Amino acid sequence: MLDIIIGLLMLLSAFASLHSKDLLKSGVFFVVFGFMSGLLWIRLSAPDIAMVEIILGSAITSILIFKLSRGVRDIAIKPKLWRRLWAGAGSLVLFVFLTFYLFTVREEERVGGLVFEKLSLSGVESPVTAVLLNFRGYDTLLEVGVITLAVIGILALEPKRKIYEWNDIVVWRFSKIFLPIIALFSLYITYLGAFSVGGAFQGGSLLAGGLAFLSLSGQKLPIRENPTLFLAMLSLAVFVAFAFAYALVGHGFLTYPLELSTLSIMLIEISICISTGMLLYIAIRGRL
Amino acid sequence: MKEFILFLLGLNLALGFVRIFRGPSVVDSMLASLLLGTGGTSLILALYKFTGQAFLLNLALGFALLAGVVGVAFAIIMLRDAD
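As given, the protein sequences belong to chains A and B, one line each in that order. Numbers given in our numbering equal positions in the first sequence, counted from 1, plus 172. Numbers given in our numbering equal positions in the second sequence, counted from 1, plus 227.
Read the hints as simulated data drawn from the structure, not as lab findings. Please read these numbers as outputs of a predicted model, since none were measured by experiment.
FRET-style restraints, in silico, Cβ to Cβ:
| id | chain 1 | residue 1 | chain 2 | residue 2 | range |
| --- | --- | --- | --- | --- | --- |
| 1 | B | Met228 | A | Asn398 | 56 to 62 Å |
| 2 | B | Gly279 | A | Lys193 | 43 to 49 Å |
| 3 | B | Lys229 | A | Gly179 | 18 to 24 Å |
| 4 | B | Leu238 | A | Gly284 | 31 to 37 Å |
| 5 | A | Leu432 | B | Ala281 | 26 to 32 Å |
| 6 | A | Val412 | B | Leu262 | 42 to 48 Å |
Heads up, the beta-carbon is just placed ideally off N, CA and C, and yes, glycines get one too.
Okay, chain A solo, but in the shape it has when bound (with noise of 0.2 Å):
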């Protein structure tokens, strides 16, 4: 019953969020829809994606979108119908091939099972993180080159876009007092992403949060400009710096001798969710 209620809210909020008028609005729908499909996964016992859309579908995400929709207000955003309808072709195609795939793979055909029988080798406890930092390890590095190489992209508009200050002192001497505990929360949520549900990524996004929230006030972090670049790019130098070395040594590209497992991971981790937090903070505050 509650399953059901979940999945209509859901799907009636992604199809307001798509056909608001205002863009404001939108926004407001895409938070719920976020939200609701993040209730769903729970239901759905994944609990690693209902956090990351929980934290990073519904509220960063949003808090983006309410930034941005100030910016495009009056230009005509409507698609063409030839361009819905082949969309809407597209993902009805991917849709009947994913269900024809869910009910014929076999048992023993499925990865579940291989990752947990190589759980011990990975020097992790969480099969997500496994998957994420060791097996497929390469994947990780490919995307945190592409939220890297977005960021750039974003600082490169710099001079075009119109950045409004607005000095608050409530809210700065709240995001004050906010900041430490969202920071500590953090960072325990990327330390448990080694054995339970929780991640870098998740983590990440939690402190971008905390500096959004510092960044509305109009203040900004008491750093200069090139150590916040530095520490936006250390999850790509450290990723990259273990994988060489390791390949220098002879374990091959990204692949950790067993005993080291541990300690590299949890590095990567952490520097993953320092950079996390400031390339969606420099993201959100539009400029370094």
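Let chain A serve as the given structure and place chain B on it in line with the hints.
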């Protein structure tokens, strides 16, 4: 009893959604969606109580920390419009 409590919280979400949908102004919608966030957090906590999965507590705390930031972001955007 469990089913009834979960159903009640789900109904709470659905009724809040009506206000988001119909809300005369965007501000009404946003306030209702913050209410929905509170209702959803209580739903997560109720699920924790019934199933005992500890990660739900972290999830609820994380969302409760960030929901306020979303509300502040929205309010600042609206105040800029008023200027």
